[in-house]
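Residue numbers (our numbering), protein chains in the order written: chain C, 1 to 315; chain V, 316 to 723.
FYI, nobody ran anything at the bench for these hints, they're computed from the structure.
What you were told as hints is all true, and nothing was included just to trick you.
For lysine to any residue, the following SDA-like pairs were computed, each having C-alpha atoms within a straight-line distance of at most 20 Å:
no.	chain 1	residue 1	chain 2	residue 2
1	V	K394	V	A473
2	V	K394	C	Q193
3	V	K487	V	S455
4	V	K394	C	L211
5	C	K127	V	F333
6	V	K497	V	T519
7	V	K471	V	L499
8	V	K394	C	S205
9	V	K471	V	D428
10	V	K427	C	L211
11	V	K394	C	A192
12	V	K394	C	Y194
Which chain C residues stay away from chain V? Per the calculated CB distances, all over 12 Å, these:
no.	residue
13	K31
14	P88
15	P129
16	V158
17	L288
Remember, it's a predicted structure, so these values are computed and weren't measured experimentally.
By construction, the Cβ of each residue, glycine as well, lies at the ideal position given by its N, Cα and C atoms.
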Amino acid sequence: MNTIVDTAPRRGLFAGILHRLIGLVRNPHGKPRALMTITWLYMIWTIVPVVVAIAFSFNAGRSISVWQGFDATRWYWGDPVHSVLHDPGLQAALWQSLKLAGLDMLIATPIGVLLALGLARWRGYGKRPANFLMLFPLITPEIVMGVSLYLVFQYVYVFIDPSTTAQVIGQVTFSISYVVIVVRGRLMSIGAQYEEAAADLGASSWDSLRLVLFPLMLPAILASMMIVFAISIDNFVIAQWLSCGAGCDTVPIKVYSATRSAPLPSINAVAAIMVYLTLGAVLLAFVLYRFLTRGERVKGQAEGGLTQMGSVDFN
Amino acid sequence: MTQGTNGTIQLVDLTKRFGDHLAVDGINMDIPSGEFFSMLGPSGCGKTTTLRMIAGFEQPDTGRIVLDGQDMVHSPPNKRPVNTVFQNYALFPHLNVFDNVAFGLRRGRISKDEVNRRTNEALELVMLGDLGDRRPSELSGGQQQRVALARALVLKPAGLLLDEPLGALDAKLRRQLQIELKSLQERVGITFIYVTHDQDEALTMSDRIAVMNEGQVEQMGSPREIYEAPETAFVADFLGASNLMDGVAHGRDDHGRCRVTVGDHELVAALGQSDVNGPGKVTIRPERVQLERPGTADNHENRIEGEVERSIYIGSAFQLIVRLNAGCTIEVEIQNSGCHETFEIGSRVVAYLPPDALRVLPEKRARSQGAPAVARASDTERTGKREETTEPSTEKTDTGRTARQAQA
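For reference, chain C alone in the conformation it holds in the complex (with noise of 0.2 Å):
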């Protein structure tokens, strides 16, 4: 007595390679391809403008929509009038967004580590209160951050007026928040044992914040350094709002308002410029995280160090 069992339903053509698609898709055993597929795309969606803006910058020509044949120093050097170098409004706003950037890192970080520092040790009434409004810069609109500030200054610091001096501490402001969240996710990681092992051992509060605390933390203030100084040499709406005139231009500034006159791809040249010292910044800051933290990797778990640097864990 036989029995025929049917191992594959017969299907027509499109329903087959219908089908095969959705096993190709559905396997839990084979790679995720529809997931890689998505970051895929995604991570094209978000390059190509930059992508784009870097190249115009290579322009022969004087349009940034138009490409007129490539020209790899024109609007960096090359040009006489127009170029990055031979154009003193451009230099002097990328010198005062590095200026801005890397003040406002020097002073943010140092002041968002000690605040993380006292927010994760507090302990008793007003901690979680003190916790949530570290978190107001974050989420208040930038314009209306802008705005407010432009206001504190007018009636409040009449004693600064609208300058370079005013768009730090607006910056700073506006930054700190972003060290302490970075930070204090890294100590509720680190947790108090390593304290209290060096006070064990009979280290001073101020031996084990040296000797002890700092070391562990400086993964994650590298990492604060490193977005304070993307976030802001970026930033736009501060840095107008505070702005004392063409003097206080950022790169930002310069850009939107040439765009509005007569935009030459100097304007790519200067925002490329941008781009590359952003990317240098990261690079420098990576580097270090790895030589500072060489110790604590276990070996054969060494990649994905970047991810391990910029992740935040929100407790």
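On the provided structure of chain C, position chain V as indicated by the hints.
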């Protein structure tokens, strides 16, 4: 590294409350110099909190922690002459093994040569002399544990506090390190206070054990006393290997034994306290139960009929699970002498619970400042030592006296 006479640690009426939760509830302990003392109990019993209070990481609500006559309660952890081996070791990941061990020494005013000498000495002591330049992440769990030990011992503390230091290791390594730890303790002669939830670990290594439950000490004594003469149902249960039956005690009979009913069966128990009334636990060790065929015994004293539910052959013995008519199951262990009759699963048997193997335990220790005065006064335990059972009360006056001396 021997300390001579210092390293005595006394805890006097120590309490600690976290919010509504009373984590440590009036603990008194007196740990002499050089003793390997264990705090044993389930998680949440307050043992770790007690240890953290001794280390200085938690501030007790009331009570005193007296080290060699000095009250330490108000000194910060870095000023206390005790060191801790943490459960997860808490080795500094950014420092190599040598720097980890030298960390404490470098905090004091000690010359560089001395630091190097003592660090190497400590590393030799834990057999890690050649791994000084490794990072903690490059070591195995057992090696990390030894680094943690060396890091604490190098400071020659008056007391070493160990918070489940073997908890993260596998069983084989744990047994090996238990022996090493014990011999190390005997070598250095430092008072060890060891926190664990593993009764085997505590029994193997300790000179004395305090069994803790719900923030209080249930029983304190040598491993043998704790294991063989548990004073409360909790202790008997926690140390395992004992049958616990629910019963109701009815006080002493004419022969000074305790009358107790289990289900509707009346039993007499001769071990432990006899002047017990009310609900409690009746315990008997599996190897003391005798099984008989129904109708072979000449009287009915302490005999309960039952049925064999399971029979497990474990080589040297048979382990039988017997469901008694009294409504509970007990474990019976019969030595495999090679010729005895076997009891089939499902066969009817009579379990004889000899009075001199039966013990009645109150449900919980009577809570009046740690020691149940009434129960102790009437203690007629045959196997236990009387002086041991009265110890907590003398201890109280002891600590009181030393505390007064300390104040003077």
